[in-house]
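One letter stands for each residue in the lines below.
There are 2 protein chains.
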Amino acid sequence: MEFSSKLLENAVYEISQLPGIGKRTALRLALHLLKQPKDQTTALSTSLLKLREEIKFCSNCHNISDVALCEICANPKRDESLVCVVEDIRDVMAIENTGQYRGLYHVLGGRISPMEGVGPQNLTINSLVNKSKEGIIKELIFALSSTMEGDTTNFYIYKQIESLDLKTSTIARGIAVGDELEYADEVTLGRSILNRVPFENSLKL
Amino acid sequence: MEFSSKLLENAVYEISQLPGIGKRTALRLALHLLKQPKDQTTALSTSLLKLREEIKFCSNCHNISDVALCEICANPKRDESLVCVVEDIRDVMAIENTGQYRGLYHVLGGRISPMEGVGPQNLTINSLVNKSKEGIIKELIFALSSTMEGDTTNFYIYKQIESLDLKTSTIARGIAVGDELEYADEVTLGRSILNRVPFENSLKL
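Chains A and B, in that order, are what the protein sequence lines are.
Mapping of the first sequence onto UniProt numbering: residues 1 to 205, in sequence order.
Mapping of the second sequence onto UniProt numbering: residues 1 to 205, in sequence order.
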């Protein structure tokens with residue numbers, strides 16, 4: 001693409017550095033901003049800069065938070081003996097939305113992925129292991145994606161806390177509520193049979 | 001969506017104001033920026049602000065340009081008696097890419113669309129009409145999208161310059177090079193038969 005304006009070219013280049021946004025979409029977005037009042041561009045730029053400059057993480061669970069101890073960790077009604085291990089804030093938001101969980105979280109900040117250059121030292125695994133040794137936590141629930149990277153991360157953490165007096169579990173894998181059996185993949189269907197639950201349990205929901 | 005951080009919530013809100021970007025994508029983009037070095041966010045924000053603050057338009061063709069008279073208008077080798085009327089900079093870039101056009105452009109900045117609140121006064125139509133009266137322009141080529149809004153805009157301009165000694169034309173509509181006839185829509189195919197060109201012309205390309 002050849003641009004008649006260096007300013008426009010720069011803006012398009014920077015927008016297209018975002019994941020999933022190509023040059024054409026970037027140009028469309030830049031031209032859109034030019035047609036809107038200046039305030040919109042100012043608000044967008046300022047909010048991004050502020051986010052990047054002032055972002056804080058909860059000292060206990062490492063979730064994104066504006067205060068030193070996040071709302072969930074600071075809530076005395078939550079069960080601090082139960083900790084759900086997740087990859088990032090989106091997982092926390094998804095689980096919170098269910099309204100089914102009253103424990104705390106531990107946000108790893110990703111998963112071990114040698115392909116993407118993410119090792120255990122890039123995640124908050126040490127902090128989780130140290131917390132586990134304090135004796136307050138009774139159960140760790142692994143809620144990572146069921147991919148090779150997720151499984152590797154689960155196993156890496158498990159190996160480090162194996163010797164501690166701690167229950168570990170993973171969230172149930174199975175057929176989604178409302179899904180038809182015939183369209184489920186074999187691995188999921190197989191796991192849902194192996195990990196079947198007493199029928200009475202489903203009556204309680 | 002409930003956020004644990006006001007900073008994140010603001011950033012996601014501002015990003016999701018962009019066309020075609022929903023809350024989930026906005027959150028993904030914001031989390032991506034948080035994982036990248038600070039420089040990237042700074043560069044993005046600065047380029048957007050600079051674009052919006054310092055953008056200039058060519059005084060002759062109204063295309064986006066960093067100088068008062070854009071490169072195309074300032075080029076003495078371009079034919080100033082030929083003016084191609086387009087909607088925005090993307091059309092200029094597309095036509096320039098063909099390498100087939102040696103005239104100048106006139107960028108309208110959109111098309112007449114009562115539904116979107118765009119009237120003739122929001123476009124650079126007056127400037128085009130005034131330019132046409134100066135007598136330097138010999139031909140106007142309408143190259144707007146062939147939609148109802150594009151046709152309305154063409155007709156509106158045509159009515160204002162009808163009395164002048166000026167040739168007007170529109171770009172040819174027809175079957176795209178490489179396309180199969182059987183998949184072409186009827187209107188396009190019909191037009192391509194009506195506006196057929198001497199066979200010898202195609203031999204020259």
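Think of the hints as simulated: they come from the structure by calculation, not from any bench.
Heads up, a few of these hints could be off.
Put simply, identical chains are the same to the list, so a pair is met inside one copy or across any two.
What the hints assert, rightly or not - The calculated BS3-like cross-link candidates involving lysine-lysine, where the alpha carbons are at most 30 Å apart (straight line), are:
1. K23 with K204
2. K133 with K23
3. K56 with K133
4. K6 with K77
5. K50 with K38
6. K50 with K204
7. K35 with K131
8. K50 with K35
9. K133 with K35
10. K56 with K35
11. K35 with K159
12. K77 with K56
13. K23 with K35
14. K35 with K6
15. K167 with K77
16. K138 with K38
17. K159 with K138
18. K6 with K50
19. K159 with K50
20. K50 with K167
21. K6 with K131
As the structure is a computational prediction, the values presented were derived from the model and not from experiment.
A quick look at each hint next to the structure:
Taking the closest pair of Cα atoms, K23 and K204 never come within 30 Å of each other, the shortest separation being 52 Å inside a single copy and 34 Å across copies. In this homomeric assembly, K133 and K23 never come within 30 Å of each other (Cα to Cα): the closest approach is 50 Å inside a single copy and 38 Å across copies. Only within a single protomer do K56 and K133 lie at most 30 Å apart by alpha-carbon distance; the minimum there is 25 Å, versus 62 Å between protomers. Taking identical chains as interchangeable, the C-alpha atoms of K6 and K77 lie at most 30 Å apart only when they sit on different chains, with a minimum of 23 Å there against 56 Å within one chain.
Taking the shortest Cα distances, K50 and K38 sit within 30 Å of each other both inside one copy (18 Å) and across copies (11 Å). In this assembly of identical chains, the alpha carbons of K50 and K204 never lie at most 30 Å apart, being 46 Å within a copy and 59 Å across copies at closest. For the homomeric pair K35 and K131, the shortest alpha-carbon distance between copies (24 Å) is at most 30 Å, but the shortest distance inside one copy (52 Å) is not. Taking identical chains as interchangeable, the C-alpha atoms of K50 and K35 lie at most 30 Å apart whether they share a chain (24 Å) or sit on different chains (15 Å).
In the homo-oligomer, the alpha carbons of K133 and K35 lie at most 30 Å apart only across protomers (29 Å), although the nearest pairing inside one protomer, at 57 Å, exceeds that limit. Taking the shortest alpha-carbon separations for K56 and K35, only the inter-copy value of 13 Å comes in at or below 30 Å, while the best intra-copy value is 34 Å. Proximity of K35 to K159 under the C-alpha cut-off of 30 Å is restricted to the inter-copy arrangement: shortest distance 27 Å between copies versus 56 Å within a copy. For a Cα distance limit of 30 Å, the shortest separation of K77 from K56 inside one copy, 23 Å, qualifies, whereas the shortest one across copies, 58 Å, does not.
Proximity of K23 to K35 under the C-alpha cut-off of 30 Å is found in both arrangements, the shortest distances being 19 Å within a copy and 22 Å between copies. With identical chains, the CA atoms of K35 and K6 are at most 30 Å apart both within one copy (18 Å) and between copies (28 Å). When the C-alpha separation of K167 and K77 is checked against a cutoff of 30 Å, the pair qualifies only within one copy, where the shortest distance is 21 Å, while the shortest distance between copies is 79 Å. When the C-alpha separation of K138 and K38 is checked against a cutoff of 30 Å, the pair qualifies neither within a copy, at 53 Å, nor between copies, at 38 Å.
Taking the closest pair of Cα atoms, K159 and K138 come within 30 Å of each other only inside a single copy of the chain (17 Å); across copies the shortest separation is 81 Å, beyond that limit. In this assembly of identical chains, the alpha carbons of K6 and K50 lie at most 30 Å apart whether taken from the same copy (26 Å) or from different copies (11 Å). Taking CA atoms no more than 30 Å apart as the test, K159 paired with K50 passes in neither setting, with 39 Å inside one copy and 52 Å between copies. When the C-alpha separation of K50 and K167 is checked against a cutoff of 30 Å, the pair qualifies neither within a copy, at 40 Å, nor between copies, at 55 Å.
Taking CA atoms no more than 30 Å apart as the test, K6 paired with K131 passes between copies only; the shortest distance there is 27 Å, against 52 Å inside one copy.
In the structure shown, a violation is registered for the earlier hints numbered 1, 2, 6, 16, 19, 20, in ascending order.
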